[in-house]
Amino acid sequence: MRRVFLANNTNELWDMLRQYPEAAIYAGGTDLLVRMRKGICDPSALICLERMDCLKGVREEGDQIFIGACTSHTALLADPIVQRSFPVLAAAISRLGSPHIRNMGTIGGNIVTASPAGDTLPPLYILGAAVEIMSMDKTRRLSLADFIRGPGHTDLKPGEILAGVWIKKDQPYNIFSLEKVGQRKALAISIASLAALLRVSGEGIIEEARLAWGSVGPTVTVSKEAESFLAGKRPEPGALGEAARIAMDAVSPIDDVRASKSYRRLVSGNLVLRLGASVDGNSPQPAWLPPAD
Amino acid sequence: MKDTPLEIGRAAPRFDAYAKLTGKEKYASDFYAPDMLWAGVKRAGVPHARIRWIKTDDAIRIPGVLSVLTSKDVRGTNRQGVVRKDQPVLADDKVRHCGDPLALVVAEDRETLAKALASISLDIEPLPGVFDPENAMAQGAPLVHEENPEGNLLLKGSLEAGMGEKGFEECDETVEALFRLPSQEHAYLETEAGWAIFKDDILEITASTQSPFRDRYEAAEAIGFDMHKVRIIAPYCGGAFGGKDGITVQSLLGLAALNNPGRPVKMWWAREESILASAKRHPARLYYKLGAKKDGIFHALSVRIYFDTGPYDNLGGAVTALGLEHSGGPYRIPNTSLKAWAVFTNNPIGGPFRGFGVPQVTAAMEQTVDMMAKSLGISPLDIRVKNALRRGDRNPAGTTLTGSTGIGECLRKISASRLWQESETWKKASPPFKKRGAGLASAMQGMGYGPLIPDTANAKIELTQEGLFRVFCGVVDMGQGNASTYLQIAGEILNQGLSGMELVLPDTARTLPSGSSSASRTTFTYGNALITASKTMKKRLLERASDLLMAKGPEEMTLVPGRVRHIPSGKEMPLSALAGILSDAERTSVARYRTPSAKDSPTRDPNLSLHGIPHIVFSYAAHAAFVEVDTLTGLTEVKGFLAVTDCGRVLNPQIFEQQIQGGIAQGLGYALCEELKTDRGVIRTPDLGTYIIPTSIDLPDMESAAVELHEEMGPFGLKGAGEIAMNGPFAAVANAIADACGIRIFEGPMTPERVLGALEKKPSCQEEG
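Protein chains in written order, with the numbering used here: chain W, 1 to 293; chain S, 294 to 1062.
Because the hints were derived from the structure by calculation, they are not lab data.
Among the hints, erroneous ones may be present.
[Stated by the list, open to error] When the alpha-carbon atoms are kept at most 27 Å apart in a straight line, the in silico BS3-like pairs for lysine-lysine are as follows:
hint, chain 1, residue 1, chain 2, residue 2
1, S, LYS845, S, LYS932
2, S, LYS970, W, LYS185
3, S, LYS970, W, LYS261
4, S, LYS727, W, LYS261
5, S, LYS1054, W, LYS261
6, S, LYS348, W, LYS185
7, S, LYS721, W, LYS38
8, W, LYS38, S, LYS348
9, W, LYS157, W, LYS138
10, W, LYS38, S, LYS1055
11, S, LYS727, W, LYS185
12, W, LYS261, S, LYS1055
13, W, LYS185, S, LYS720
Note that the coordinates shown come from a computational prediction; the quantities given were computed from them, not determined experimentally.
Just need the whole structure built from these sequences, with the hints factored in.
Pasting the structure below:
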């Protein structure tokens, strides 16, 4: 018989963790329970965080937004701050799983699972997100890129939980694009994805670009080279084509049952070509961000 | 409302909808009882091996385990199958695919069952396997059934008409291609399930099955029990699509119950087990060569088809024969040479699946037709209209079409549709990085079992003491709505509403044998029997009532809901009162119907006739797909779909529409994303996270229209509608992709990766129009 604990607050949680240090911690269970059913893991006890209200919700603190780790994807999609300030994140979440998975799954779970295909990760990378990690006696913060170590591996140590994510509120970009390539439109694990944030001047020049690819490497792939190449250029086929070539060199995809390495590499580049359409407003997922105050 | 008499042709919600939506309807998997046991199976996990020893002693020692059975405990033939009985209940000498069952465990609960199954160890000697149907026929290939005199061949069929291959000498244009089609999983909502109890010398098995009467005989023989003491009960299936046309859990449950008398035993396969062990649509390799005159008139067709049937027959021979018979499509082609092979391999089992071999050949033929149209510079619509079969023609298999033949009318309706008329404008307005195209496909689907196996139904209707008409439905409703249609048929004839009717679902102890729910025959065959039974009942009731009410004769009488009325006087008698006067024999009416068979003999091969060639009644359809291909990702989105169907008179437009939309959805999955991937017999897509079926948002709005030609043999003019819609989508989408991008994907499904790969290879100067 496996014991399942439901923590209502941090005091209860630290007690449970002291008694059952080997317990697996989860919130919605959309990753962990599937892995357990498949027999990939078999934890001796489970600690569920879904009743910990202190880990839920979105709030502003100074120039930062804090998103509690146990906030469900559905709650994030409905949140006005997320809709207004981080539409690239909202777009990624809207393609995550299906309504029922978004109802159960949380942003913290998506981060801690650290899947190469984690849908929230590419937008969080380009938004410069930092994670807040909590243990019984201290709280620490580090960048998401440093937190995620590899497929399924994070910097989380025994006795620690992910408390939430910090994102700077005013992002200096006016265009976003989010494209996920999966085997179908819902309930799909990403084959390749590209999250992009651009600041395009009134004259149509890219002043700054942030790009992150999902599912084409052990963790999220970023390319400083592609980003700096695009800076100062118009989002036209020639420049985008060159950035696409840089991207194809930057990614390190694998073959799996969903797609081949070569398809992933090709699509990683091709998605860059569509950024021009995002700027023109013709893409299915384009949007202008509101001007930063 | 429920008193309103049911009428043929009226669109009405199916009568089972409420009970199903509210969860009141109990499927085979819904059974629970306090003393219920659980049965489960240890499966091989390797594709080909000799069994040395199955070590069960650890399992039997686990508290809560009641039985651990192997092939040694099977007292019957231990072989199941419909045409060829070659599939063991529990594998004895050999493992022939990864899903083969080796041991059956019965336990008090599911946890104990899982523990016991995990504790069984297998001592098996791996054997070289065979995984490719063409290699399997080569000299020296490993044999799946050593005792089979034809090696790995299950069935070989050949049909020849006119000059056969020589017809190509007279052709102006020839096109040829090789098509590869994937294995498709049924993916019904309700996985294989049932429960059984052995009590008072009767073995009662309730199962999610399409074929209760055949199961009774097949399971009894396989497990060695008196067939007359076996009762099979078949509730509504939560989907089946052909995958439950035959034995799944029945024999195993029988064994489990016989070994644990007095206690109900349940078996319910997990999704992964269902995918591992169940039969699938046959993967196929099809070599097509079509010849035509300059004016686009087809003149010669040569076809070679290889169906990978996996390790067992499982109706694979019949599937192959139906594919062969339909391989030339609904066209006049005077010279044909059609050949098909069903080949044993160590891949997952191939078996019946909606369309029964026809989706594969239609995918190939309809693409070949478009290739010919392009070669000759004729429009895909015109070339189809020119060659479309008409009543009185011989079809490519050589059968004279004596019944309604509406393919020409279907195509004309497509041509006149708004979607088709506006498609050129729509195509030109494609957004950046997208290409739009429109594609057509024609399809046909023969009905019934063919010439030798009697395609028979026995209907029974009873006037109960309460004055209700009880229809004893002997053929399963697996979700397609035929049971609802039976009430509609009886209601129309007896002028009753739903409140005056009752339904008894198939039960070998209560209903009469009426064959399987399959082959687009279900409503056709049982409906015809029920019409006769209902008319006989009506005649008797009117006659007896006219005598009782001192009328001049039955012509003065009529049935109204719940009553019989004497028209001249207005006097009425409740049906319950009439029922009280009648004897039991008078209150019951039974009738039998057998579907006629074709009078042509396109083949002298008795084995092909046994496997169903030829058919006489065909449904037809023309499909149009409107797609948008993303040139950056290769993703094909179907933006619109139009299906025009000739399946005779439509009895209930709502149920018809549901069948057509369901078939299109399954066909689009087959075309675009569904692919059971295997690697040397091991399934690489073992669950619904990796085996990709479309979701609702992957599917387009579908438009459906009917060409309601009257089929004189059909009940109220109907022909079968259950399978036809599955056949067209693959080729319609493939032809639309070719129209959009000038590429053709010869291997299905047409995934983004395959489409992008073809786009990358295409020299941009050779774009198709």
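Practice problem: Quick one: which hint numbers does this structure break? Sort them smallest to largest. | Solution: 1, 6, 7 and 10
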